[in-house]
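Trainee: Chains P and Y supply the protein sequences, listed in that same order.
For the first sequence, the UniProt record's numbering begins at 1 and goes up steadily by one.
For the second sequence, the UniProt record's numbering begins at 1 and goes up steadily by one.
It is possible that part of the hints are untrue.
[Said to hold, decoys possible] Pairs of lysine-lysine residues, derived as DSSO-like cross-links and limited to a Cα-Cα distance of at most 30 Å, are as follows:
1) Y/Lys-15 / P/Lys-10
2) P/Lys-56 / Y/Lys-286
3) P/Lys-160 / Y/Lys-286
4) P/Lys-56 / Y/Lys-457
5) Y/Lys-21 / Y/Lys-38
6) Y/Lys-286 / Y/Lys-212
[Stated by the list, open to error] Stretch-level coverage of chain Y by chain P, calculated; a stretch enters the list once three of its residues show a Cβ under 8 Å from a Cβ in chain P:
7) 86 to 99
8) 102 to 112
9) 119 to 133
10) 185 to 199
11) 212 to 226
12) 387 to 399
13) 999 to 1009
Simulated from the structure, these hints should not be mistaken for lab results.
We put the CB at the ideal spot given by N, CA and C, even for glycine.
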Amino acid sequence: MISFILMVNKQGQTRLSSYYEWMDMQERVALESEIIRKCLSRSELQCSFLEYRGFKVIYRRYASLFFIVGTKADLDVRALDAPGSTAENYENELGLLEFIHSLVETMDRWAGSICELDIMYQLEQVHFLLDEMVMNGYIVETNKSNVLRPIDLIDRESKKTEGMFR
Amino acid sequence: MSGMHLSKEFFELIKSIGESKSKQEEDRIILNEIAVLKKKLENDKPGSISTAIPGAPGGGVASSGNTLTTNKKKAREFLVRVLYVEMLGHDGSFGYIKAVELAASQSIVHKRTGYMVCACCLSPEHEFRFMLVNQMQRDLISSNLLESCGALIAVTSLITPDLVGTVSTQVIGLLDHNAETVRKKAIVALHRLYQLSPEAVPQNELIEKVRKMLCDRDPGVMGATLNVIESLARVNVAPFKDLVPSLISILKQICERRLPSEYDYHRIPAPWMQMKIVRILSVIGKNDVQASEGMYEILGDCLRKAEEAGINASNAIVYECIRCITLIYPNPVLLDAAGSSISRFLSSRSQNLRYLGVTGLASIVERHPKYAADHQLAVIECLEDKDDTLLRKTLDLLYRMTNPVNVEFITDRLLHFLRGSTDPYLKKDLTGKICTIAERYAPNNGWYVRTVTELFKIAGDLVDPAVATNLMSLVAEGTGNEDGDEEADMVLRKQAVELYVTLLASAPNRMNRVLVETLAWVLGEYGYLSSIMSLDAIIDGMCKLLQSGNTAKLGGGAPSTRRLILSAIMKMVSQYGSCPAAAAKVIDDYTKSSDPDAQKRCLEFQTLLTTAPHLLVEVFPVDASLEDVDVDENLSFLNGLVAEAVSNGARPYQKPEDDDDDDMYSGSLSAETANAFKMTPYEKPTQTYAQGRMAGMGSTNMGPGGAANTPLPPGGSPTHHATPNPVQAVNPAQPQLQLRNVANVWGKQAPLPPAPAAVSTPHVPAPASYGGVGGGFASPAPASYGGFGAPPTPAAAPVKTAEQLEKERLAAALFGGISATTQTPAAPPAHPIPVATPQMSTPMVSPPIPAATPVAAPVSAPAPAVTAPAPEMDLLDMGSWGADTGAMAVATPSTIDMLAPTPIAEAAAPAPPPPPAPPAQPEQTPAPASIDPFADAGLLDGITSAPLSSFGLSDAMGSAKFEYGGVAVAPLTITTPQFGERWGQCPSTHPVNVPSSSSASTLSKFMDICVRAGMHKVEEIAATNEGICACMAGGGTAVALVHGKISPFSGGQSRVDVTVKSTDPQLGGTLAMYLQNMIR
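The task is simple: from the sequences and hints, build the whole structure.
Mentor: Following this line, the structure appears as structure tokens:
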């Protein structure tokens, strides 16, 4: 399952973080900064996967922004195992690498060619979009139309309500 | 887009965060922002009271009269700013309450923002999560599908285990919602609820829903459901087995592009769904031939189509297919296809594809090593790659490729990488892997000791303590097989000692506990063997180590570690003969130790040293660590005898729980663990001494174990005579085959077992089984005494001549080091041989009886036993000799010649290669005992006229139907599902583990054994090397089910794990015993 999805720029500044398993703030900060450091230390010629603290991490760089997905074995399987032992993580690295691209394509379709600043200004909408694609650490939707339909609906509603307050 | 209605403030904030060039700058911005936000919140409070009053006081920051409470848009912006605060690593808890408030908003965008900020910020323990439940309940049943969706997302991320019950009904209700987007989220949310609290969401209900949702008319709902199925099936595959046709049909439709093109990604139809389905198929097809066969076609299609596309998304599908093909029941065509895909990946220039190639190769080589051969060069290249990730995966591949030939190279590589690694996860993983391959494939003991010690040095804190225990017993026991001569063992000990002496001399500043303890034990036991440092120098070194104030040097300096070092010093002082000043001081120091145990040891030692120094040698016997007597209070070693007696009609002794087989196993286990650190026995010096001596004398042992035997031998032996089935006669020898510690007891009363062996001799047609018998009871002794069985013997038993020793050595060579040493404790076999030879061909009924008596006699009179046994014991011993060589006697006309020890040795001289004693044995400590008896039989088969003996063997086997209550069992014809059903219903379980067997080295051999025993072959699963059989007794009143797993290792041997389940504990127990005998 996906444990977290991060968007971090090459200065190590987090632009979006979504965790599918609770982690407290200190852990998050440490994890994000260490992972981005690891990603930055790797060259274009190296593979897009790394292992970090038991996570299988898949990352992809778009201009200055890194999209990072961290995975672990399924929660159900881990619950089965005795503490300490590591359940096998069957996530498909290349599949997730392509999922990142699918996410970026979906965002592109939603807001035109999207850039780091776009994400920053529309943080909550990007969260909504991600929530449509990933739930409970699973990829639930990759059909772009299906993903964007509710987002557009929300958008339209919000314009209506905002109009009332104007 | 709402992004266009940003307030200036928010716009400036994002701009400044975006432009900040350092973390410090960013922190400053955020800290300032926190102050601003808090101010807003404060202003909001009075404002909220006076919402009706325009221009409420304190509106400095809030630009207009609109407060956060009245202006939801402002509140939403406020929350996004709080989200930024949290995301950038600062505490935004002051604003959480606004998020909860906003979740109750009428507007969907505000509501979603409220839920989303809560999901990102509220810890599972946060009380606000509880406050949201009410709102979620309301939204779940809302008629607005956006609200339902928002609530389902919130449920997935915000519900805690204790709250599951509050929303589960509504979530289940939404599974039938009209909108597919709601159904899709509902099934995922329901799975989440099940993960949180399996009690609140019944599993069967969830499974039922999941199966229904898989057939949803909307592909998106189906796709989401696949996730849930995979996750659940990984835990319990049974409820999903019958979904294979549905899954295949779905996959087929996807592959044939029957899904709307919106699901395509780069012209590949729904790649993630394809991957998911293939992954689910791999879970279902694992260990299931039938299911696997059903998926071959679609997997082939799917793989081929993906191969054709040749882009990343399709390569991901190819990779998924490769993994699936290697996991399910193998199909050669698919495997070849997978192999060529792997080749393509490995030779790719894309590093990502090479990574997949390496992991794909790792998954295929484990079961199909031939595919590795083509890629040696590629693998070596990956090993030298600078990419850390690729390197790790390659190491994992190496680990899976390890075999006896390459183990040294691979272990070196892994150790090298371990040394340079800092990641604790990786270190732990590597440590485990090194231990596994070192144990499984060590080429020799010296290498093993060096490797494990090196591992201790690098990562001792991560090593399983059992590894240290194994290492110590290996040093103590030596090879214990094949060339089990004392010399080799001594060489090993010497190597180990030199290794640790060097370590002690170099005194690294940091040693971990396991290293210190192993060092202390090895030097304490065998320090005198060192040639590079004198014993007193070692004592000195140990004293320094103990006194060093640096606890890092002492592996943390736990009291138990200190005690171990103290004991080591004491042992060495005793070996040395006098107490060096340093040792005296240390011991004196520790008489004031705060650790009562250490204090007691030191006081005792001091007393001994001053009052009776001559006793020291006896308190600390040299090289006697294995001679401590384990009292097996369960008398589990007699179970075989009892079972046999019972099967011959004796009245069974009813224990209250009636569960003696389980006792046997747990007993053996605890004995094993109890033996872990061999320090304790020395606390009772006199007893240990007595027992050690007795054993050394080669006489029967009078220890508590021996005494416990007393009642049975006389009663036990007669029953053997009545044994109708020669194979059954093996029983008494059996239990101890795997019970290393119990073996002590057996070794000492070795004279007893010959009785059955000799008795069964008349049933000549089963020579092979005799070999087994002889080996069977012969082996336990060496298993326990190991290599050092020999030295005490010559010292203690003056009867032995050099000639005898030589013969023993030859016999050792012949019987893989095991039978030879057996005779050592039993009695010298030499002279009685001529006497006994005729007995081999004449009915052997009488000799064993007198033989048995003397065995019993010494039990009550230990002293005479030392001298008395010689003649009688010889006779007895002949029994074992006869048994050992029984096959030969039968196979060749010149019985006498064959029995004379020397010719045997000659005859067997070419034989040692065939006994497949693989290098792995020494570490699998229990293994040697069971290996060699069979090696004997195999060996005899090989050197004598093969047809005859093998005929004899099959004859014996043929008549080997398993009998229960005097009646042969009947095959129980059931199917695999029925088997599965009954499996759960059988109350009694009897595991049988044979660490190394050649009679059941393959699955079909094992199945043959079962079928010959009278069982029905239910299923043979070649993919996993597992088989199941069933039989019934008493006309169906009792049923026994057998599950066997064969794990082959090198040299034609296999580890065999059998589980016998039965409705009748007695049937199960005796069947388990029987199978254990047959599988050797």
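Trainee: If a hint holds in the structure, say so; if it doesn't, say that too.
Mentor: For each hint, the structure was consulted:
1. Y/Lys-15 / P/Lys-10: holds, 17 Å
2. P/Lys-56 / Y/Lys-286: holds, 24 Å
3. P/Lys-160 / Y/Lys-286: violated, 54 Å
4. P/Lys-56 / Y/Lys-457: holds, 29 Å
5. Y/Lys-21 / Y/Lys-38: holds, 25 Å
6. Y/Lys-286 / Y/Lys-212: Roughly 24 Å separates the two Cα atoms, so the pair holds.
7. 86 to 99: As far as the segment 86 to 99 of chain Y goes, the hint holds, because 5 residues have Cβ atoms under 8 Å from chain P.
8. 102 to 112: With 6 residues in contact (Cβ-Cβ under 8 Å with chain P), the coverage given for the segment 102 to 112 of chain Y holds.
9. 119 to 133: holds (count 3)
10. 185 to 199: holds (count 6)
11. 212 to 226: holds (count 4)
12. 387 to 399: The restraint on the segment 387 to 399 of chain Y holds, since 5 of its residues have a Cβ under 8 Å from chain P and three suffice.
13. 999 to 1009: violated (count 0)
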